[in-house]
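J.: One letter stands for each residue in the lines below.
There are 4 protein chains.
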Amino acid sequence: MRYKLGCSLSYQLAFDTTFIFNLEVAQIPSQTIVSEALSFTPAVQPRVYADPMAANRYFGIEVPAGDFALEYNAEVDLHAFHADPATIDEIPVNQIPLDILPYLLPSRFVSSDRLAPYALAEFGALPRGHQRVNAICGWINEHLVYQPGASNEQTTADETLMKRAGVCRDFAHLGIAFCRALGIPARFVSCYAYGLVPSDFHAVFEAYLGGRWWLFDATRQAQLDGLVRIGIGRDAAEIAFSTPFGNFAATGMEVRIARADGVQDPGPRTVDAISTDDGRAL
Amino acid sequence: MRYKLGCSLSYQLAFDTTFIFNLEVAQIPSQTIVSEALSFTPAVQPRVYADPMAANRYFGIEVPAGDFALEYNAEVDLHAFHADPATIDEIPVNQIPLDILPYLLPSRFVSSDRLAPYALAEFGALPRGHQRVNAICGWINEHLVYQPGASNEQTTADETLMKRAGVCRDFAHLGIAFCRALGIPARFVSCYAYGLVPSDFHAVFEAYLGGRWWLFDATRQAQLDGLVRIGIGRDAAEIAFSTPFGNFAATGMEVRIARADGVQDPGPRTVDAISTDDGRAL
Amino acid sequence: MRYKLGCSLSYQLAFDTTFIFNLEVAQIPSQTIVSEALSFTPAVQPRVYADPMAANRYFGIEVPAGDFALEYNAEVDLHAFHADPATIDEIPVNQIPLDILPYLLPSRFVSSDRLAPYALAEFGALPRGHQRVNAICGWINEHLVYQPGASNEQTTADETLMKRAGVCRDFAHLGIAFCRALGIPARFVSCYAYGLVPSDFHAVFEAYLGGRWWLFDATRQAQLDGLVRIGIGRDAAEIAFSTPFGNFAATGMEVRIARADGVQDPGPRTVDAISTDDGRAL
Amino acid sequence: MRYKLGCSLSYQLAFDTTFIFNLEVAQIPSQTIVSEALSFTPAVQPRVYADPMAANRYFGIEVPAGDFALEYNAEVDLHAFHADPATIDEIPVNQIPLDILPYLLPSRFVSSDRLAPYALAEFGALPRGHQRVNAICGWINEHLVYQPGASNEQTTADETLMKRAGVCRDFAHLGIAFCRALGIPARFVSCYAYGLVPSDFHAVFEAYLGGRWWLFDATRQAQLDGLVRIGIGRDAAEIAFSTPFGNFAATGMEVRIARADGVQDPGPRTVDAISTDDGRAL
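Residue numbers (the numbering used here), protein chains in the order written: chain A, 1 to 282; chain B, 1001 to 1282; chain C, 2001 to 2282; chain D, 3001 to 3282.
The set of hints was computed from the structure by calculation and includes no laboratory data.
It is possible that some hints are incorrect.
[As the list claims (entries may be wrong)] Here are the computed lysine to any residue pairs in the SDA-like style, where the Cα-Cα straight-line distance is at most 25 Å: (1) C:LYS2163 / A:PHE123; (2) D:LYS3163 / B:PRO1117; (3) B:LYS1163 / B:VAL1048; (4) A:LYS163 / B:THR1155; (5) C:LYS2163 / A:ASP77; (6) C:LYS2163 / A:VAL93; (7) A:LYS163 / C:ARG2128; (8) A:LYS4 / A:ASP77; (9) C:LYS2163 / A:LYS4.
[Unchecked claim] The following residues of chain C were derived to be distant from chain D, with all beta-carbon distances above 10 Å: (10) LEU2009; (11) THR2032; (12) GLU2142; (13) VAL2255.
Beta carbons are placed, not taken as given, at the ideal position from N, Cα and C, and that holds for glycine.
The shape of chain A in the complex, shown without the other chains (with noise of 0.2 Å):
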């Protein structure tokens, strides 16, 4: 399915500020970039980035005081990999490839370690394979309120837990802690989610099971099918779409995803496990 989309941000700065974002759409096979374009107003020189084992692209850039607006657009064909849930297994934790180690470690926001008790108590009997997490997410989803401002960027997946309330981002660090605690690798998603009332940059979790990763979303609020990937990570940390160093004021911020040929009914959701790897531990 061909997406287009972006983002329109906008901001007010008190001094010169150094920014570095990771909001382009990552190049990876399942994801073909048919035009992509990125201006700043000003005018400023980015230093470009692109992670070579997670395929993040950051770029950073150093913006004078005064308003500052950022505009990116692409247009991509995204192929996402479907498949019956319950064909997909979880892997021994002997034979998980060595690389994926760190997505089975504890990370600042996904305390992995500390809900250790809590996953085992209540998943770890359940029925292993694409249908535990899945069933994670069902309990996620059950448990937790999605409230704005429950939370705030230093909220970890025990808080959350606690609070029963969050964003998209505690949702995802939640689903990691329990996959994690569990031994199933889990990593963080930010994507563009097609579907997603109100449009805004979406965070989703992969976990990894039968030799690929898999796209779970934990507040079922997106077509998995629809998900254009910006970038992985250990939790929200390592992708924060805008990393800014120094006083600002976001002025203005627009997210949008539709489908290049007009359709608008983003349909019912699918059932089938989504994947956009290609089969690759990365």
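Chain A is fixed; fit chains B, C and D onto it per the hints.
T.: Relative to the frame of chain A, chains B, C and D by itself:
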């Protein structure tokens, strides 16, 4: 300088257990591995993985229930780079290479976001450069007690600051947290440490200054120019010398390092700035 | 029922040490103290204090360096009040006596404010009254493992919920926290517990329902009608059996309680609601 | 000195709501209440309770949905006791009256147990007595920023130390925590504070030294001899000026205090030690 080093580890396992180890000397330009041997009793076949970015060498083994022993020995030429600390400046955030970004972000045990107000208040006004990081190490050394048992495997940098006590791992996490909070990239380093008494795996940290990574030891116990690197990581989670999946009892552990020429006196500690990277970001 | 009970404690002290103890049986209408003896070796002169509100009896002693032993024995008639749980309702918050307010508020180890969302989600819709608090105890008993060593003297109710493990103190703190979060006054009770195996100081809790305080034991280990009260408090901090100021080593501890008539079989546990207060708020 | 003081509070309530207030002047020997009036619009009938130990006056009201206003006015003669700080010593722990024990223990927001290593390291070697507590206040005032919004109603003393920012409540909690960690009984005091700009309910603390409770204000904003006490407690939880049970919106709040003689200049702050208790432990 040439060092003979290694370790002998033994375990008693109630069940078949998967281990991932990271205890071999890193293959980096500053470390020439003259000879090296790794053996297991009973014999098992390791899976190996070397992180292409960090040069960490991991191996995973599946160990049957019963007694298990691991022996590693190596002879290594260490080419430590020396410089005058006064010549080493901090790098403005807009010039920090983007691939170093992860080492500016908070991680599981390096709660640099929580510690930002504290770091700015204590160290924000200090003269910049190698001397600022050295002053941070001095502050930690003065304010914390080195005390085995004061921390556990979930202890974070902010908890260490509150407890005013910890081991090398905790001293390193706190030093890294203060650096990151001040905009100085910093990372965790595990190593064989010449002159450390009693001998053990040691943890220090590196800060990225003036275009390369410089070694710091907030415990002041190690010879900075006698540190043979095993691994680097965001924090201790990534480069535990042993990550076991299962129940086990450690029944023995010896870590050793000596000068290959037989000279035993470690001598006074260097006052130079020491680096073992080759001037590239890695 | 008449009980013989007491304790023998011994310590080794490197320096002169001040202790405050709270281990004597509370003088309340439901507990008739037939005889009682407290002795110290070497002899020291206690300062005594009985809290006029809570009836807790404290004594402070200044113990010289060296070996120290304390022996307490009492014979007590316990008049436990029985009722049908189905007849005991919760009290609307606007009718709760104001002197009970402290037992609705969070305290050091009873983080009822942090646990409010969790408590409301799990227990908010349950039928009210004695049965709701009993259901909370059942939930705790089912979801937590009784595990000495899982907690320490700083462990809070929210941490216990996360760890899914603890001892009687932790089970009581969590029960109290859930109650307070639901608007049910609750307080910590230390006691001699008939039928507890192995014998030890025990911790349970009381909830204020229908005009008096009712006993609950989330560990399900005690005979509710065989609990001889020592002290009540907001949480364990207030009624530690021993609050030492100084360094010490505990070298011996025995806690005992038996029926005065010599009958040894504790028999089945009561299913009645049990209270040992006299129907006043205290 | 005679003061006119009071407050006007207004609320908008979606539902019938129970409130417990603690905002009337405490009836203690050092405070002669010349006149006093409390009124509600619409009229409601309060339940009242005066804590026999702490002298805190609570009233509970059941307010119907809609707009609600409360007005309190009093004229009070304050007899502050002055002394030379240099004459006021700390009391050895074995001489502290046992009824003061609760004020040595950690409480919900006063995590003195967690802060013990920090307190001992920073203040353990300071000269003892009133001057040590004053030095603690000076340290807090120097190291923390007074910053509305930096904390919330669940913020604890250890979090405040880490954030290096807070409001009067947080400054008091941290001062109390340091004192308790050092073996100095300390408690939270809510008050009308003459000279405070802008006028508001204020929080300070008392430390028990030389046989009575002495006032301290780590914010250095109040006139110590112009503090008219409302309540005392282990921490803010016990003596919130308003404890609501239900949803509400505060629509107005004015707190006022002025000298009854009309003199407006608060003048320089006293350097005396100030106490408003009568030399008994309470």
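J.: Do the alpha carbons of C:LYS2163 and A:ASP77 lie within 25 Å of each other, as the hint requires?
T.: Measuring from Cα to Cα gives roughly 45 Å; hence the hint is violated.
J.: With 10 Å as the threshold, tell me whether C:GLU2142 passes as away from chain D on beta-carbon distances.
T.: Correct as stated: the minimum Cβ-Cβ distance to chain D is 28 Å, above 10 Å.
J.: CA of C:LYS2163 to CA of A:PHE123, is that 25 Å or under?
T.: holds, 15 Å
J.: When you check the alpha-carbon spacing of D:LYS3163 and B:PRO1117, does it fall within 25 Å?
T.: Holds: D:LYS3163 and B:PRO1117 sit about 6 Å apart, inside 25 Å.
J.: Beyond 10 Å from every chain D Cβ: check whether that's true for C:VAL2255.
T.: holds, 22 Å
J.: Check whether the Cα positions of A:LYS163 and C:ARG2128 lie no farther apart than 25 Å.
T.: holds, 23 Å
J.: Under the criterion that the straight-line Cα-Cα distance not exceed 25 Å, is the pair C:LYS2163, A:LYS4 satisfied?
T.: violated, 46 Å
J.: Taking the minimum C-beta separation from C:THR2032 to chain D, is that value above 10 Å?
T.: Fine: 25 Å to the nearest Cβ keeps C:THR2032 off the interface.
J.: Given the hint that C:LYS2163 pairs with A:VAL93, test it: the Cα-Cα distance must not exceed 25 Å.
T.: holds, 23 Å
J.: Between A:LYS163 and B:THR1155, does the CA-CA distance stay at or below 25 Å?
T.: holds, 22 Å
J.: Taking the minimum C-beta separation from C:LEU2009 to chain D, is that value above 10 Å?
T.: holds, 19 Å
J.: Next pair to validate is A:LYS4 with A:ASP77; report whether the Cα-Cα distance is within 25 Å.
T.: holds, 9 Å
Hints 3, 5, 9 from the earlier list are contradicted by this structure; the remaining hints agree with it.
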